[in-house]
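Asks: Order-wise, the sequence lines are chains A and B.
Position 137 (the first sequence) corresponds to 139 in our numbering; numbering is contiguous.
Position 338 (the second sequence) corresponds to 476 in our numbering; numbering is contiguous.
I should point out that these hints are in silico values taken from the structure, not numbers from a laboratory.
Any given hint could turn out to be false.
With a Cα cut of at most 30 Å, we get these calculated DSSO-like pairs of lysine-lysine [claimed, not checked]:
#, chain 1, residue 1, chain 2, residue 2
1, A, K148, B, K327
2, A, K522, B, K214
3, A, K19, A, K522
4, A, K19, B, K214
With beta-carbon atoms standing in for the labels, derived distance ranges [claimed, not checked]:
#, chain 1, residue 1, chain 2, residue 2, range
5, B, A528, A, H234, 41 to 51 Å
6, A, W191, B, L204, 30 to 40 Å
7, A, V146, B, A528, 31 to 41 Å
8, B, L517, A, V146, 12 to 22 Å
Positions of the beta carbon are idealized from the N, C-alpha and C atoms, including for glycine.
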Amino acid sequence: MNPVSLHPVSPNPASRKPVSLTIDGRAVTVPAGTSVLLAAQSAGIDVPHLCHDPRVEPIGACRLCSVKVEGARGLVAACGQQVAPGMVVTSEDPELAERRRHVLELLLSEHHASCANCDRSGDCRLQDYAYRYQADPHRFGVYVPKHTAPNYTALDQGILYDADKCIRCGLCVKYCETVQMAEALTFTWRADRLVVSTPGDVPLRETDCEFCGGCIRVCPTGAMLDRGAAHHGRAADLKKVRTTCAYCGVGCQVDLYVDPHKNRIVRASAEPGATVNDGNLCVKGHFGFEFVGSPARLRQPLIRRDGELQPASWDEALALIAERLGGIRQRHGADALAFVSSARCTNEENYLLQKIARAVVGTNNVDNCATSCHAPSVAGLAESFGSGAMTNSTVEIRDCKVLFLIGANPTEAHPIFGLEMKRALRAGAKLIVCDPRRTWMAKHADLHLQHRPGTDNLLLNAMMRCILDEGLADLAFVEARCEGFAEFRQNLEGFSIERAAAECGVDAELLRAAARLYAKGQPSAIYYTLGITEHACGTDNVKNVANLAMLCGQIGKWASGVNPLRGQNNVQGACDMGAMPHKLPGYQNWSDAAVRTRFEQAWQSPLPQSAGLRIPMMIRGAGQGTLKALYVMGQDLVATEPNQSDVVEELQALEFLVVQEIFLTETAKLAHVVLPGAAFAEKDGTFACSERRLQLVRKAVEPPGEAKADWEILLLVAAALGKPMAYRNPAQVYDELASLAPVFGGISHRRIEAHHGLQWPCPDSHHPGTRFLHEGRFTRGKGRFHAIAHTPPREEPTPEFPLILSTGRTLYNYNCGSMTRKTAVIDAKDPGNFVEIHRDTAKHYGIEPDEKVAVRTARGRVTGRAVVGERVRPDTIWMPFHFAEESANLVTNDVFDPVTATAEYKCCAAVLEKLPQGG
Amino acid sequence: MKRVDRYLLARVDLPDSHTLAVYRAHGGYQALEQVLRKPWKPEQVTQVVKDSALRGRGGAGFLTGLKWSFMPDPAKDPRPRYLAINADESEPGTCKDRVLMERDPHGLIEGCLVSAYAMRASTVYIYVRGEYRVSYARLQAAIDEAREAGLVGRRILGSDFSCEIWMHPGAGAYICGEETGLMESLEGKRGHPRPKPPFPAASGLWRSPTTVNNVETIFNVPFLVLRGADWFKALGTKGSTGNFLCGISGHVERPGVYELPFGVTAREILEQCAGGVWKGRRLKAFFPGGSSTGLLPASSVDVVMDHDSVKAAGSMFGTAAMIVLDETASIAQLMEVTLRFYDHESCGQCSQCREGTEWLHQIFRRIVRGQGRMQDLDLLVSLANGMAPAKTICALADAAAIPTLSAVKHFRAELEQCVRLGRDPLATATAQSPEHHEAHA
Ligand SMILES: Cc1cc2nc3c(=O)[nH]c(=O)nc-3n(C[C@H](O)[C@H](O)[C@H](O)COP(=O)(O)O)c2cc1C
Ligand code: SF4
Ligand code: SF4
Ligand code: SF4
Ligand code: FES
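Produce the entire structure from the sequences given, and follow the hints as far as they go.
Replies: As structure tokens, this is what we get:
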């Protein structure tokens with residue numbers, strides 16, 4: 003009989019084999035590799051289980067799932083046994099029931115069964131089974147709580163462990179060890195004194211715990227709780243609302259548990275098996291919703307009077323907006339106005355904002371923050387393949403055999419993608435990481451190419467040269483599916499692998515090994531993020547990544563392609579919705595006559611004639627006086643654009659600035675009118691996550707005070723500007739979009755709900771959505787090779803600024819930190835700015851670990867705590883960009899990609915300064 | 139009892155028996171030379187082991203050749219392959235492997251090399267009980283000596299066969315002797331046994347094919363190569379071939395480790411080897427194979443010591459560690475001590491074992507202290523039946539349940555009397571006082 007392996011059943015329907023067996027007299031057919039337990043579940047038979055979780059390798063400890071299998075010796079643990087053809091299983095009979103009652107009574111004999119005041123009562127498997135089998139909690143006597151000493155969570159702000167409720171099922175430990183791979187939890191002691199703890203019983207915060215909350219979510223009893231939620235409501239007291247996480251682009255499905263009487267989110271959880279995240283969450287998804295109920299939220303509109311922002315009514319604010327925007331439009335023309343949309347807001351809201359810009363005001367000046375991150379992906383991949391999005395789906399990651407990561411740090415920036423990659427690694431996938439930093443993935447990689455920041459194209463070209471030289475290219479694929487190969491090949495001819503390797507600072511053999519491994523993978527896939535795009539040559543970088551995939555035929559297949567991991571919850575959607583100057587919704591060209599007619603008819607308004615501005619140009623225009631008014635929805639330009647001091651000055655030069663926000667951000671502080679918007683949990687709509695999946699955002703709580711859902715605000719603004727729009731709800735907005743943009747033609751809120759999300763392209767209402775792109779044919783027809791030259795970073799180290807400064811994200815915080823930093827758990831773990839410095843560099847500057855240092859560039863100076871080690875190269879330092887008070891963007895370089903105006907956040911020249919210590 | 143043809147202990151009494159020179163002088167490493175020089179095919183070695191019907195000496199008595207044949211075909215499975223030697227010997231009463239390791243370490247090393255050759259393993263781990271400091275030191279010294287002589291390491295004796303042997307000390311947990319707990323421990327983790335399947339041959343150390351064998355089991359292998367399967371089979375009984383080491387302890391005149399062929403009776407061992415029950419007393423009961431096997435009453439003392447016969451008598455051959463109790467011993471106290479051990483040593487994963495060992499221990503304790511209740515005897519049986527057979531991840535739960543069931547079966551009257559009297563007349567004074575034995579707490 004076969005055990006259940008780690009990933010028994012591939013999510014790929016094409017690779018499954020059916021197996022038929024009999025359970026309790028019923029014929030059941032499931033894919034080969036399924037466990038008896040899951041097979042029974044699929045037939046609606048609930049085999050009791052306490053230590054089983056579909057994401058964790060079988061533990062086999064509780065023994066509750068033991069069933070009878072014909073021909074087997076003794077009882078068989080259903081959770082650890084694979085189905086076999088013709089197997090005959092009895093999952094329940096009086097004898098098994100008696101066994102189970104016995105096991106439950108033993109468990110209860112060490113359990114503080116105080117269901118009357120337990121948080122998990124009504125949502126506890128132990129309680130359910132004790133009831134089902136009528137187990138007597140006192141068969142062996144009355145349990146007196148004995149674990150009274152403080153444990154490893156005593157001082158913790160996130161997690162609360164009660165050993166007297168723990169049934170030692172091991173799920174939390176196994177989840178931490180094998181799913182999250184953080185190895186922060188362990189059992190300690192033996193036998194009946196076994197308890198969950200940390201190595202050495204140190205406080206949780208001092209371990210590698212990543213506060214993903216997984217231990218809480220897997221616990222079948224009340225032993226592991228959200229500290230902040232304890233005693234704030236049992237499952238039955240709370241309303242569960244399934245929605246989509248508002249942080250990164252993974253698009254996790256989160257269940258918010260809401261106290262309706264207090265209008266408060268009490269805790270968050272997630273359901274195993276649910277797309278995209280399979281019940282996994284990161285620290286932000288699990289703990290990071292405190293900002294919603296923060297007292298710092300904007301509760302009413304503000305108007306600047308006598309230089310001060312002062313409370314105002316909606317009517318006053320809207321009247322002022324109508325008057326000022328209308329006036330400026332009349333005096334200076336529509337293009338003197340611009341709109342910044344938000345990757346944080348829903349698709350419907352993005353659609354409405356760009357519609358206001360184009361159909362109400364009449365300008366193409368509308369953009370979203372993709373410009374500062376993945377616009378090069380959108381542009382570059384569109385030129386190479388015809389559509390600028392992740393080619394594969396999240397579930398496919400686990401079937402990938404060679405993962406090629408370049409400029410991506412998924413375990414921190416996209417933790418659930420990281421988790422899926424860990425899953426692939428556990429199933430034996432090989433890992434290549436190209437990253438100047440020694441990230442978690444780099445540490446666990448088979449090959450780590452630690453190249454100098456800004457040498458990505460040298461690295462990629464050298465790899466491709468090697469692939470061509472060694473005959474590893476998939477020339478049949480190139481021949482049949484691509485164009486532009488001759489020129490591309492010629493460009494590589496002049497390329498010396500040795501020279502490129504030297505310039506990248508990478509061993510040439512390592513580079514060759516990476517090329518071979520990637521080319522031969524069955525299959526391989528590329529994952530990248532801002533390490534590729536946030537360069538002045540970002541679009542070139544993206545095209546070169548696309549070249550690599552096409553060269554090896556590693557695209558257009560299950561688990562194989564080119565995958566930009568999107569940064570913000572709805573940055574994909576903001577682009578999909580046309581909240582960018584050069585595209586109408588659905589990536590349609592505003593200059594295409596047929597398209598224009600369609601939109602003009604639907605919107606009953608002429609479309610603007612001139613090209614629009616991207617965000618950096620808007621800001622520059624403001625500074626130069628050509629742009630007079632700016633309407634910003636849910637984006638903190640001051641905190642996120644490079645070279646911060648200049649941005650403030652430029653925005654101050656505007657005649658009129660409207661900011662629609664949930665907090666008084668640095669940008670909002672400069673506004674003439676501030677409108678209080680709603681957080682993700684306070685409104686309905688959809689987000690599009692990185693894998694092109696549309697998912698519902700559901701209202702869980704009411705917005706605070708007079709704040710309103712952003713789509714409602716936009717309708718009010720449109721009406722105030724004299725063009726009322728008649729939508730009763732976001733679903734109607736989506737329907738209009740679907741009728742205008744063929745890639746979303748078959749998508750509606752109703753279908754999204756029914757299908758648990760739909761992936762575009764989805765052209766008609768019978769289409770199931772598209773798992774991976776470019777199967778058989780690229781969106782643009784033939785895949786296009788581009789000859790890419792190496793463009794060095796604009797700012798190279800100099801004697802005055804001898805180091806390369808790179809910036810990025812940490813696991814705990816998110817972008818400018820306005821949301822995450824209001825969460826106690828997160829603030830405790832990641833409290834302030836820091837600078838990663840190589841050991842040798844630190845020694846050179848006489849810097850000790852943890853001392854405060856300054857980083858200076860040609861543009862400014864910030865300070866942070868020195869984190870000394872070997873995460874970065876000696877020639878590089880690294881800083882996160884989450885901390886407004888020490889903003890990395892005071893020093894980053896405001897030079898931009900020529901195609902997309904994406905800034906070079908990833909490298910500039912800098913110098914370290916030792917500060918006088920003391921006090 | 140006929141004269142014993144000793145081979146397992148043939149060298150242990152020689153002066154400096156643990157050195158390479160003495161081992162070589164007495165036929166050492168000839169099996170290895172034969173296998174590598176002739177050369178034998180690896181399958182040939184496995185075949186001899188299969189033909190000999192050698193059964194594992196680690197307690198379960200599983201057929202060694204059969205176990206080896208579960209190792210996947212290296213042509214189809216490129217993963218590294220491991221042999222792990224179980225030298226954790228921690229079962230109460232068992233002390234036989236120690237004699238071999240301390241006094242004939244090269245014999246074990248040669249066994250490891252020949253067995254690794256048979257299974258095409260190039261790495262052997264020897265997991266030695268933490269308290270066995272001398273065994274560890276002797277083995278390590280012997281490995282160093284052998285490596286120096288080209289017998290361990292790369293291209294052994296100039297052949298294509300390379301094999302490394304690594305030592306690993308235990309840290310004082312009985313459960314690390316369970317083969318999957320041992321593998322976890324070797325990997326640097328807590329010794330929590332793994333659910334089976336997968337069995338070690340399919341996914342063992344670092345998820346690669348692994349065979350775990352007992353010290354004595356492997357020690358037999360060079361003799362099989364040199365003397366053949368027929369010689370071996372002629373030594374024992376039909377189902378249990380060869381000689382075995384019997385460690386006899388408890389209330390006997392001459393406790394110790396003796397080499398005997400399968401087929402001797404327990405009485406022969408007790409009387410002829412161990413000099414009978416001590417102080418001229420009468421036999422009350424004995425564990426035939428260590429504290430994990432069923433307790434047998436004195437009336438079973440003529441049981442033939444082989445796997446099938448001991449099983450038929452209602453117990454298990456186990457590790458042939460006979461523990462003998464004289465007529466003055468208290469069964470309740472014996473069981474209290476035994477269950478205290480299992481309660482202490484359960485790794486704590488499985489519900490029934492973690493809680494079951496605890497309750498079995500507590501119940502025996504209250505019986506010894508005179509606080510037992512009549513229904514406790516049925517409770518013991520019901521608890522034990524919930525733990526065994528094969529109801530948990532590993533067999534530790536069985537090891538606690540089996541002696542419990544046999545004690546209640548054979549000595550119910552004595553236990554009931556303790557309950558009725560409100561005291562255990564046979565127990566020593568200390569055992570009856572409540573202060574006693576939080577020893578492990
Ligand atoms: C709790 C427990 C402890 C064990 N301890 C030992 C031990 O110390 N030495 C040993 O050889 N086998 C021990 N075993 C048996 C091993 O699991 C395994 O069966 C044995 O090492 C296999 O070797 P063999 O086939 O050569 O007998 C133990 C088993 C259990 C359940
Ligand atoms: S954990 Fe479950 S069984 Fe235990 S007290 Fe809470 S609800 Fe009751
Ligand atoms: S805390 Fe919960 S999940 Fe962890 S071992 Fe205890 S009962 Fe299981
Ligand atoms: S049976 Fe006991 S010792 Fe063995 S794995 Fe289960 S709890 Fe641990
Ligand atoms: S669910 Fe199978 S043993 Fe716990």
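Asks: Evaluate each hint against the coordinates.
Replies: Evaluation of the provided hints:
no.: 1; hint: A:K148 - B:K327; result: 27 Å, holds
no.: 2; hint: A:K522 - B:K214; result: 20 Å, holds
no.: 3; hint: A:K19 - A:K522; result: 26 Å, holds
no.: 4; hint: A:K19 - B:K214; result: 22 Å, holds
no.: 5; hint: B:A528 - A:H234: 41 to 51 Å; result: 45 Å, holds
no.: 6; hint: A:W191 - B:L204: 30 to 40 Å; result: 37 Å, holds
no.: 7; hint: A:V146 - B:A528: 31 to 41 Å; result: 33 Å, holds
no.: 8; hint: B:L517 - A:V146: 12 to 22 Å; result: 20 Å, holds
When the structure is compared with the earlier hints, no violation turns up for any of them.
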